[in-house]
Every structure is written in structure tokens, then in C-alpha cells.
Amino acid sequence: MKRSVVFVVFFLILGFALAGLYWSQRRPKSTPVSANAILNMAADAQRDLSRIPMHFTRLSDEQENTIGRELAARYATQSRKLTPEEEGLEKYVARVGGAVALRAHRHLPYTFTVLPDHSMINAFSLPGGPVYIGEGMLDLMMSEDELANVLAHEIEHIDHYHCVERVQLEAKLKNLNLDILGAVLHIPIDFWEAGYHKDEEFEADREGMFLAVRSGYSPYGSVDMFERIAKLCDEYVIHARSPNQELSELAIQSLNGYFRSHPLPSERLAQAQRIIAEQHWEDRKTQKPFRIEYEVHNGEYAR
Amino acid sequence: MPMVDLLVFLIGIFLIATPIIALILLVRYSKVRAEVNRLNEENARQHTSFQRELADLKRQLSVAVHPAARTAEKPVERPVVAPSPEANTVEDTRVPSSKVELPAPVKLPRAVSAPTPQAQPPPPSVPSEPKPVLPAATKTPAEAKPSAPVAPPQTTTPSVPSSQPAAPGIPAPKPQAPAQIPPSAAARISSPPLSAYRVPVPRPTLQQRMKTVSAIEETLGTNWLNKLGIIILVVGVALFGIYELGALGPLGKVGISYLASAFLLVGGIYVEKNERYRLLGRTGIGGGWALLFFSTFGIYHVDAMRVLSQNPGALTLDCALMLLVAVAMAFHTLRYRSQFVTGLAFLLGYTTVALSQDTVYSLSAGVFLAIGLVSIVLKMGWFELEVFGILSSYLNHLYWLYRILGIEGAQGRHFEQYHASLALLFFYWLTFRISYIARTIKTEFEEHVSTLAALLNVLLLLGVMKFQSVQPELAYLALLVVGAFEFFLAQLPITKRRRQAFVVLSVVGATLMLAAVPFHYSGNNVAILWLVGAEVFLAAGIIMKEIVFRRLGLLTGLLVGLHLIGVDFRQLLNQRLENEGLAPAAGVLFSLCAVVFYTNAVGAGSCWKDLFSDSPDRPLLTIHSYLGGFAAASAAWALFSHDWTALAFAAVMIIVAALGRALKSHHLQVQYALVGALTLYRGIAVNLHLESPEHAHIRLRLLTLPILSAAFYLTAKLSSLRNDPDQRTIRSLFAAAGSSFIALLIWYEAPELWQPLAFIAFAVILSEAARALRYHVLAWHSYLLTALAVFTALTADQSGIHRWHTIPVRAFCALPVVVGGYWLAKRLGTTNERHLGLARVAYTWIATGMMVWILQEALHAPWIAVGWIVFAVALALSTRWIRYQQLSWQANVVGSCALLRAFFYNYNLEQKFWGPISLRIFTISVVAAGLYFLSRKAAPEERYARAIAFLHSFAATGLLALLAWYEAPNGWLAPLWAVFAVVLAIVDQRLKLEELPWQSHILAGLTLILSVSVNLYVNATWHGISVRLLSLAIVAVIFYALSRLIRMPEEWRQRDIHHIYSWVASTIGGLLLWYELQTQPTSVAVAWGAFGLVLFEYGLLRKITQFRYQAYVALIAAFTRIFFSNLTSSEPGEFWGPRMYTILPLVLIFFFVYAQLPEKEENTGRDRRLHFDVLLVYLGTATIVALFYFQFPIEWVVTSWAAVVFALLGAALLVDRPLFLYQGLLLTVLVLGRGMVHNLFGAGYFGEGDWQGRYFVLGSAVTILLASLFFAFRLRGRFGVPQNMGTWMRPLAVIANRPEQVEFFVPVILLTCMLALKMRAGMVTVSWGIEGVMIFLLALAVKERSFRLTGLGILLLCVAKVMALDVWGLQPRDRYVTFIIVGAALVLVSFLYSKYRDAIRQYL
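These protein sequences, in sequence, are chains A and B. Residues in the first sequence are numbered from 1 upward in steps of one, following my numbering. Residues in the second sequence are numbered from 1 upward in steps of one, following my numbering.
In short, the hints are calculated from the structure, not lab data. Just so we're clear, the structure is a prediction, and the values are computed from it rather than from any experiment. Check the hints yourself; a few may be wrong.
Stretches of chain B that chain A covers, calculated by requiring three or more beta carbons in the stretch to come under 8 Å of a beta carbon on chain A [as the list claims (entries may be wrong)]:
| id | segment |
| --- | --- |
| 1 | 1078 to 1086 |
| 2 | 1145 to 1157 |
| 3 | 1189 to 1199 |
Okay, the calculated beta carbon distance ranges per label pair [claimed, not checked]:
| id | chain 1 | residue 1 | chain 2 | residue 2 | range |
| --- | --- | --- | --- | --- | --- |
| 4 | A | R3 | B | L1170 | 22 to 28 Å |
| 5 | A | G136 | B | V1012 | 43 to 49 Å |
| 6 | A | L232 | B | G1233 | 34 to 40 Å |
| 7 | B | L1365 | A | Q46 | 28 to 34 Å |
Every residue gets a Cβ at the ideal spot worked out from N, C-alpha and C, and that includes glycine.
Go ahead and model the full structure; you've got the sequences and the hints to work with.
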């Protein structure tokens, strides 16, 4: 190459780089430093690699049900007794969940339980059908459609074998015999609350939306819920102020983050909006009020 | 339907068998190939052998030329030797191949040594003559026709004579002559083995191997699919069971046992007659008798074999039978003169007796057995047998006693058969003792066995007597009588003829008599009696000149000594532990023993030296002398108490020392040394009176310690026997003990503040005494005393109670030590130069050290460092006046002390000294100045000047740098140090001081550490500008300057060591960017990339390699950074976000930098050698791959990567660089992995996704990869395979040389798996069939054989799936559709195959 051409290209590239630098400095929103990229790739690879043996070590529905029952029984001993109002709320959740679960792929004995903890902004499911939702999560909800979407999301985790694959994976990692229930049941419940892989979450979001819509609910319940969670997430993100803080945050996130590789709420929101656009559901914005029937009938449901 | 099922079954069997048959064929093929190779090697070996033989024959022919010539001149009238007629019947040897490379013809006449024109029939008497053949003379190798096969006899016949004329001097045979020498016979006789003529088979070429595989392909494609049939063989299994005999009764078992024993016995007797099997026969006999005895035993005693009823009569009968068998056995076995067999017989006899010994009288059988045994022993000389007999007799008797008395024995209880038992035991003892005395010994071994028997006899007698002891008090008498009798027997003439028997019995007798004493006497009497016995034995031994008695006497004396130690001394010890009272009786006993032992050791040992010259007599006497010493010390302890015991020990020590010096006895020396140690211990433990307070006068201590000291000094005078190191050591130890007592006296008696003076004075006295007496050991004592003086000076009055004004008195008390130290250094009591030098050094160091200590005690704290540095300067200047180098060393050390003092104390001084100058600045500056002075003036020798200069100069610089730390505000220290470093570098450039560059380096290093650890975190501002930015920018600029300014050896510069500074500067720059751009983390990567680009261009422009390396590091850091910030920075759905506009410039930078590293550029050669070009291009590609991974929806990543593959292969073709090809192939494999695990197996279980999700995504990736075949075919073989590639890398290079294979197989695998997983179950086979046809068509189009085989394989897979799964599991409709389409595909392919068969073959 001629020297002059080199210099021209050099200055062009340098200019491009400086322009990128300028644009990124001008950007109002700061991206937190994290190992999410590497963790996502590693988790993606690990999950993908684990799927092949999953195809060949599938548990039967009966085994899955048994495991779910045992885990649920153990979990029942750890939570306090519900108040009458909470019991009514649980019935309400069970009714919405039962309506949604009717259209799932697999016909499993789905059960829905409210966890009486206002600080628990989460929902999770166990193999075989048990679905749990925290009271904190219910406090966030403004419509029954939001509840239906959340429950549908958890149902899809069960329906698409995400839950039971956790058992399979753990069993394989610990070299356990899958026929021995006791060996599997020592897995802590926190493990189920920790969430799933990014792909699985996306799949549960996507399929959950379809399930909720097939059950007569609005897909915008999902959108509203994600928007609310995204707002919460933005409030709690810590932005490092120096490379030192970056490195320490990085270390902490690397340790914790691998098992919590949830997609960002913004990504989930984007997927939901894309599906709505693809499926032409823009007109299904009407949502049912949350717990209106419960309140009307003074704590009892009329069927 | 049954027909269909049958067909399906046969087809299935065929399909299952096909790979097995193929494998078998391949295995057989490989075996045949191996056999051919082996034959080739054998053929080559034999060919070589044949050539060697041929050359040998040529040599023989050349040797035979001369005789042949003479023969030609004078023809021999001898008939031609013709081959035998039988030779005609032998077939000719043929060379089968046209590639024979034989240099000589095969057919050769066997004997043509003297051919005559007319052949004569061979005389019958000479059928053949073993003359050497002359093959080489008939035809040269050049004349041979290798390709011509060996002709039959009638055609080859003329060839033999035609070759003959070539040999000069040999008459040419006529054409018809060979007819009488059948060539076939000649060939047969002269030819080597057939294998030598085998033609080497060439190894198959690649083309041939391909043809072989092609044949299989043809078979697969055209033939095997139509073949039905398989043979199944079944092999049966046979079982062997365990054949169990039915249960037998006792009689049957006994009968079998008797039969077996009879068989063994008879067989043994029969076999024993044969010399070869004699041992075997005798073993059989022994075993037979044993089994016979066992059988006899068992008929009453073994439950399973009992045939006799259980009553006393039957028992008696059985015992009688056993005895009968035993006797018969003994008599029978004596025939064979076999000790083993006879011993076995007696063993069984004794067993019989043991079983039947109901009364003591039944034991009489044992007496007869003993007598019989002794008789046989004496007659046959089987002394081993007697040992067995002794054991059997006594143990048999013991067993009988056990049955009567129980496990505890008699324990003094009387029992009825006691006397009879006693008589029996004495009878046994007497019998075997007579046997021992009366026997005739032939060998030494027999004597040893006899000794064992003799000892066993008496030991077992005593043991059994002990067991049955009714009157224990008579044990004394029994031992005495038996011992006396044994001793008496020893003195008999018959015994004395056998020396060993005499010794054994004498020792046994004496031992028993001595052992008898304690049973009757106790206390001191035992030692006295034994001492008397010992002296009697010793006297007898000396008088009779009998060594046994002398040794018995010495050993008895040893026994006395052991008694003294173990019993009498223990009693004395117990008494003295209770109180300090005297023990006159013990004292007398020990005194007597001491006299006797010393008399034996010194008197007898000296008077009859020749009698005690051998071992162990002399060692025993030596032990006696030690026992005497022990007894004397014990006597002194018993007879004296309190402070006087030590004096008594000292007296014994002096007496023994005098005796030892007179006799020059080393052992006596050891004894008085031990007594001296005892004295020392006693003196310290008792005479020092440690229980009393220090510095208190005690009369006995003042009296006895000087006496003890004098005794040790006197012993030291007496102790040295010779002038050798060991003796000098002993003397010095005694002298040390003497000095120690005086020193201890000073320690305990002198006041604390006067102790330094007393010790140093005593040291001076000892030193002067050493000079006067020329005994230099005392000089060593003076050293220790000086050390004590120093110690007492340093530890006296630690609380500083006694003061003179503000100065503690102890500082003045130390002054005599300083003076004494210098005095001793001047007047040392030794003449050894080395010793003198070392001692002088030590004393001057002590004096200087004490002076330093005095200064520390006397001066105020802030000025101690100043005082020391002034003292150090004074010492350094003194060195120049008195020329004593140690003072220089001391100056250095004192200067170091000043440095440490300043370092640890003076930095904390905050108070002002003068104006703005604080006390800290002033004192530290003074110390630093003193150190700079010392760095130039305190070198004791020239060779140390450099080290001294380094040490002090570094120290001074360090002090000043640390002073800057204290004085400069936070944030500005790093630039200050950097400036100090650059100032030092500039000064060094002018003055050329060696240590300054190093100080500059260290300051720069500290600056770096400070910059990284402090300045990076400074958030303060200076006039609105960040202090971090300002300070680190200054530091970075100074570091870049230092990389040019700092003085460094040229060799280092050539190795770019100075670029450490530029590396540091760049690192600081990078860190500065990181910290300053922290508000937007995505900016950091692109900033580093731009920084790296600038560094690279600067390095390229100025041809500075290290700048380019720094650029590479910056670019790697930028690449790493994107994984932590940039890749996850954009919002979902945002295409042109920060991810794109911060990562894309990096990609451009990577490839731009890579583009500037061409192979022809010499300036960047090192970069390429380190593979930075490879790294950069991989970074660029990896950045794109990572960008696409996050930029596109997760299922589309595979497609985007496939597009990158397409672009990379195109780039490889465009710019002609193989790196892009390698990356493309690597990424292709990644596409395969990603597509398989994510898009196929990672997808959901319920495939309700649309066609895009199921087929389009991965299908697009497959399409793009197949499209890249366009480039891949053009890149095939373009870059070649390097010859020097390693074993592991070579296969990869080969793969890279055929990129079209990768680019074909990866999409095909993906497509096939996608169809299998995504297609509806009924349509999978159909889709595969279509895929196979398409691939086959593609293969025909691109003329690629592997593609064609792949298509064929997929079709075969379809057939297999149809037969194995589809025919059973598909819905009827799917089934027939599948059959129609797959069948049509097969027909189509078959048609195509047939049509293009010739073309296909051309592709091979």
C-alpha cells in the first residue's frame, strides 16, 4: 500500500473510532460493566450442550409428577399458614391458572399456590405441575391478564420440560440414579426460584403469551408486567464509578450471575412487542381488572 | 403378507449383514496385504542373498581363470563329468514375473569346469562331482534378459554353451555338448531356493487403492442392494457337572484310608528300589506309614472313622495297635537307614505313649523309647534324632504332668507320683547326658547338634522340675547339685577329650552353681559371695592357665558389677534420695569392690598380660576397671555428704588422674573424666548454693569453689597423656571447668555494677597468664569472660536508677569494657596469626559497639542518628590515619545504624528547627549527607568501593525520597519522584556515577507503584483540572523521556530493556483512559483501540518495535473489554447502537493493522515471528463473530456466522492469504456445532414453530455454506501443505488444503439432521431420499467423488430406515409414499450411476 493511502485510511479509521467514542460519550444512558456477555455465552453453550443428553434421558410424566409432589410437600412445611384473605387470593390465582393450564401441551396436575411474602417479587414452578407465586409479585399486578401471563409463563416452564430438565441436569451432575427420588429431593428450593436460562425464559415468555391469548387474555398483560419489572430493574442496577468498582462488581456478578442468566427485562419486553406485531394482536388491549370478582363477592368466588 | 414379511426380514438381514461382511472383507484384505508385504520383504532379502552368492561365484570364477588357462594350454585327458540321470526328472525352475532383475541367468550347468568337445556318458562310479559351478562365466549381467521367463529345457539348452566362449582359456563347447548336460538339471542344482526368484510385488498405488474402494462402491451401488440372503450359524453350549460320590460309612472310609496307605506304602517300597526314584519312594513309605498310623489312630479316636466302641478295652487295643504299627515302622525304616523315616516312626511311638499314659508306669514305655532312641543314635550317629528324642521325652512327661496338675503346675502342692516323676526325669537327664559324653563326634556340625541336645537336656530338666516343684526351697540345692555334677562331668577325662563338651558342661555347671546363690542368700551377701567366686575362678584360671576358668571369673565379676549397679547402688540411691545421711556399709562394700576391681584390672592385667591379651579377656578387664571407677565414685558418695561430696569426687578424680597418667591408660582417663563431670555437676548443683540470693556472701561457696577450681586446674595439668588434639581437648575441658568455677564465683558474689569490671579484669589476667604460660586455651576463656563483661555491662541497672546528671551510670560502667576490649586487642595471649587477627577484629568491634551503645545511652533521641553518623565519619577518617581497615567496616556499620535510626525515628519529628526547616528535614539531610560522604570515603579496600558506594548512595537517596513522601501533598508525590528520577538520570549523564541510574530505575518503579495505587484514585482538582489527569500525564511524559534519557549498557538498549519505560508510560496512558472515560464504559474499548492504533502507526513510522507491541496489547485489551461492556450495550431492536459504533471501528482497526504487516516488510519481521499478524486477524474475526452473536436474534446467529464464512473464504481468495481460509474453516465447524446443539437439539420440544423457525434459519445457513463452495473449490490446493509441519498439525493442514470437503460435509450434516429432527416423522425418509438425489446430482456436477459417495450413503440410510423403522411404524399413507419416493430415488440414482459409470470411473 502506498504511504499516502495508508495515512488516509488511518485517519479515516481513527476518525471513525473517535466518532464512536464521541457518540458513546454523548449517550445519556450508561451501560453497566458486567460479565453478562461471557456468562451468556457460557450458559448458552452449557445449556445447548446439555440439551442433547436431555433428549435421551427424559423422565416420564409419572416420575415428574412424583418428584413435583414430593418437592411441593417439602415446600409446604417451610411457609406459614395463609390468612383468610390470602386463601381467597390463592383461590383466585388457582382459577386463573387452571383456565390457562387447560391449553397447555401436556396434561399435568397443575396446582397454584400463593406464597405469603410481600417481599417476594417472583414466581416459580416445580416439575410435574406445582406453580408458586409470591405475594409481592401479586402486589405489582394491575390486571388479571398480567396474572394470566405470569402463570402461563410458569406453566410453560413446566410444559416445555425446563423444570424437569433441572432435575435431569442435577441428577447427571451428581451422578444419581433418577429412580431414587430421595437423591433428587435434596436439591434446595432456592434452586427452582433462581430462574432459567435465557433461551428458556424467552421460550416461556413466548409460549406463555400464546397460551394466555388462547385462554382469552390480553398479551398486553405481559407487556405491562415487563415494563414494570424493567423499571424496577433500572432502579436497582448499580453503576460502577471506577475501574476498581468495575472489577469488584464484575467478580460478584461472575460468581452469582452464571446461575441467574435471566434476559434483561428490556429484551423480554422487546420480544413481547415483536410477537404482538407479528401476530397482529394490537387490538387486544382490553384487560380484566385484578381480583374484581373476589372483591365483589366478598372473598368468595361465584362459579 | 407373509411373503412381504419374509422379504422384509431377508432385506433386513441383508442390511445388517452388509457392514459385517464389509468389515470381514476389509480385515481379510488387510491380512492379505500384510502377507504380501511380508513376502515382498522375504523376496527382497532372498534377492539380496542371491546377488551376494552370485558375486561370490563371480569371484570364484575369476580365481579359477588362471587354472583354466593352464588347463587350456595343457588339456586334461579327463572325461567330462555329466550330471546324474536322475537330474533329468527334475522340473525346471521358472521365474514367474516379467520384472525379474536378476543379473545372471537362472539356468546354469552344475559342472562345466573342463568341457570337452565330445560329451562322454558319465561313468557310473562318479555320479556327480561337487565342483563349483561357474555361472558368471557363462553370461554377464548386462547380457541377461530380465524380462524373459525361464525357457523350457529344449529351448534353453543352447544358451549354456553360448556363454562358455566368454571365458578365456576354456575351450568352447560344441553346440551339441549341452545336450548331454541337461540344463534343467543344472538349473535345479545350481539354483538357490525358489523364493529367491520371486519378483517383488510393488506396493499398491493410491489409484489402485481407490479402485479397490471403487469396487466396493460399485457393489454397494449396483449389486448389493439386490442381494438377499444371509447365513446365520448357531453354536450349542455343553455343561459339565460336578460328579458327587455318594456318602460312605466309617468302615468304608477306614477301608479307603487303609487302602490308600497300603497303596502308598507298597508303591513307595516298589519305587524305592529304583535309584532314580528313591527319594520319592521313601517319601511314599513315610507317608504310607503315617497314613497307616493315622488310620489305626482313627478307628478309635476320629468320630467319622470310629469302628471300635468307646470303652477302655478298645482304647487299650487301639493303643497297642498304634504301638505295634510304630515299632514295625521303626524296624522297617531302619532298613533304609533313613533318619527321617525312623524319626517319623519314633514320633508316632511317642504319640502313642502320650495317648495311652494313664498312669506313671505307662510312661515307662517312654523310658524304653528313650533308651532305644539313644542306642540308635549312638549306633547310627543320628544326633539330630536325639534332639527330637529329648524334646519328645520331656514334653511327653510335661504333658502327663499337665494332665495331673493343670496349667499352673504343682505350686508347692504334693502329689502322689512326685518321686517317681522325679526319678523318671533324672533318668532321662542321665540317659541323654551319658549319650552326650559317650558319643564319638565326626564333624563340627555333629558337635553343634550335640551341644544343642546337651543344653536342651538340662534346660528341659529344670523346666519340668520347676513345673512339678513341690518344695521350692530346695531349688537352691537342686541347682547346686546339678551344677556341681555337670561341672564334675566336665572335668572327666572322657569329656576333656572333647573341648566343646568340656566347655559346655563347665559353663553349665558354673552357671547353675552361681544361680543357686540368690536362691539361698540375699542382700550384700550375694555380691560378696559372687565376688569371692569370681576371684576363685580367676585365681584358678591363672594358676591352671585354663582360659575357661579365667573367663568364668571375669564374667562372674561382671555379674557382681551388674548386681552392684542394679541392686546395691539402687538401694544407696533410695537412701540418699531420702536424706543426706552417710551409708557406711554400702561405702565399705563399694570401696572393697573398687579395690578388687582395680586390682583385677590394673594388677592382674599388668602382671599376667599374656593371659589376658585376647578378646574378650582384655575388654572384660576393662569393664572391671570401669566397675572399679563406678564403685569408687559410689563409695565417695556413700561416705561423704553436702559440700564435701564434690570435694571427695574431686579427690577421686585427682587420684584416678594420677593413676591414669602413671599407667597412660585411656580408660582411666575416661573414668576420671566422668568423675570430673560428676564433680562439676555436684559443684554446680550443691556448692553454688543456687537457693541463696545473688550477690550474698556464703562461706562454704567462697571456700569450696576455689578448691574445686584448683582441683580442675590440677587435673588439667595431669590429664594430658600425649600431645594430640583429643588429649588437648580433655585438658582444655578441665581448665574450662576451673575457669568456670571462678566466673561463677564472680557472678554470684560480685555486685552488679562492678561485674563488668571484674569480668574484664579476670579476662585480662587470663590473657596475660596465657601469654606467660604459653597455654593459649586460657585466651579462649578470656574471650568468654569478655563476652560476659559485655553482657553484664549491657544488662546492669536496666531500670536506670543510678544516674549522673542525666547520664545513666551504667554507661560509665561500660567504659572499662571498651578500654579492656582495646587492651585485649593489643595484647592477646596467642601466637596463632589467624586466631590473633580474628580476636583483634572481635575486640575492636566489641569496643566500637559498646561505644555506639554509650552514645545511644548518653545522647537525646533526635540527635542519636546525627551522633552516630558523626562517629561513623570519624571512624572513616581514623582509618586513613592508622590504616586499620576494620575501622572502615565499623564506620560503615555505624553509618548503617544511623540510617536505620533516622529511618525509624527521625521521620516522625514534626517540630521546627530553623525557619521553615523542620527538625526532620535537618537531621535526615545531615544523615543523608553523611551517607553520601561515606559512599565515597568509607571503602576499606578498593574492591569494596563499588558496593560501599552503592550501599550508602542508595541509602541517602532513599532517605531523601522518603523525605519527599513526608513533605509532598497527596497526588503530587508521583510526579515529584518522577522528576527526582529524571534529575538523577541527567546528573548521571554528566558525572557517570554507576549507582545513579539504578536509583533512577527504583524511583521510577516507585513512581509507577504510586501512580497505580494512589494517583489513579485521586479525584481532587487543581484549578479545575483533574489532579489525576495532570499528575499521570506528567508521569507518562517523564517515563517516555526516561526511555530515551536514562543511561544503560548498549547491550541492554539493543535488547530494548529501556522500553520498559515506554511500556509503563503506555500502561499508565491506558489506565488513565480507563479511569477518565468511566462515565460511559463502552467508550473504553474504542479508546484503547484508537490508542493502540496510534501507537502502532508511531512504532511503524519510527521503526520502534516495542511501540507496536504496546499497540498489540492495547488492541487485545480493547478486544477483551468488549465482552464486559460493549457487546451487551445496545437496546433490544436497536441496530445502530453503541454496540455497533464502538465495535465496528475495532474490527476495522484490527484488519487495518493486520493489513500493514505484509510478509515482505522487514521492519515488522519480529511481529510476524511472534504471530501478531495471526493474532490480529483472529481478533478481528472473533470480534465480528461475537458482534453477530449479540446483534442478531439468537437463532439467527448460525446464519450470520455462515455469512462470515462466506466472506472469509472470499477474502482468502481475494487477498490470497491462507489465514482467512483457516478462519473460515474453523468458523464452519463452529457453525456446525452451533447449528447442531442450538438450532436443532436446543429448540423446543413442541415444534409448532412456523416454517421459518423450523427450516428457514438453518436452511439459510446451509445454503450460504453450500454457496461458499464456489470459493472453496477455487481455494483447493492453493496454499499447499508445508513439508515441515508437525505430526499433529499435518492432518489439519491437509484438511485446509481441501476446503471444499469441509464446506460440503458441514451443511450436509446440518441438513440431514435438520430434516431428521424438524420434518414430520412420516416424511423424514422422503426428505432424505430427495436430499440424497440432490447431493448425487451435485456430485456429478462438480465431479467430486466424496460427494457422490455421500449421496449414495444417504440413500442407503434411507433404505435402512425404511426397512428398520418405516415399514413398521409409519401410517399406511406415509409408508407407501415413502416407498414410492425412496424407490424412485434409488431407481434414479441407479440410472444415473449406470449412465455415467464411465465418467465416474474417470474421476478416480
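We went through each hint and held it up to the structure:
no.: 1; hint: 1078 to 1086; verdict: holds (count 7)
no.: 2; hint: 1145 to 1157; verdict: holds (count 7)
no.: 3; hint: 1189 to 1199; verdict: holds (count 3)
no.: 4; hint: A:R3 to B:L1170: 22 to 28 Å; verdict: holds, 25 Å
no.: 5; hint: A:G136 to B:V1012: 43 to 49 Å; verdict: holds, 45 Å
no.: 6; hint: A:L232 to B:G1233: 34 to 40 Å; verdict: holds, 37 Å
no.: 7; hint: B:L1365 to A:Q46: 28 to 34 Å; verdict: holds, 32 Å
In this structure, every one of the numbered hints holds.
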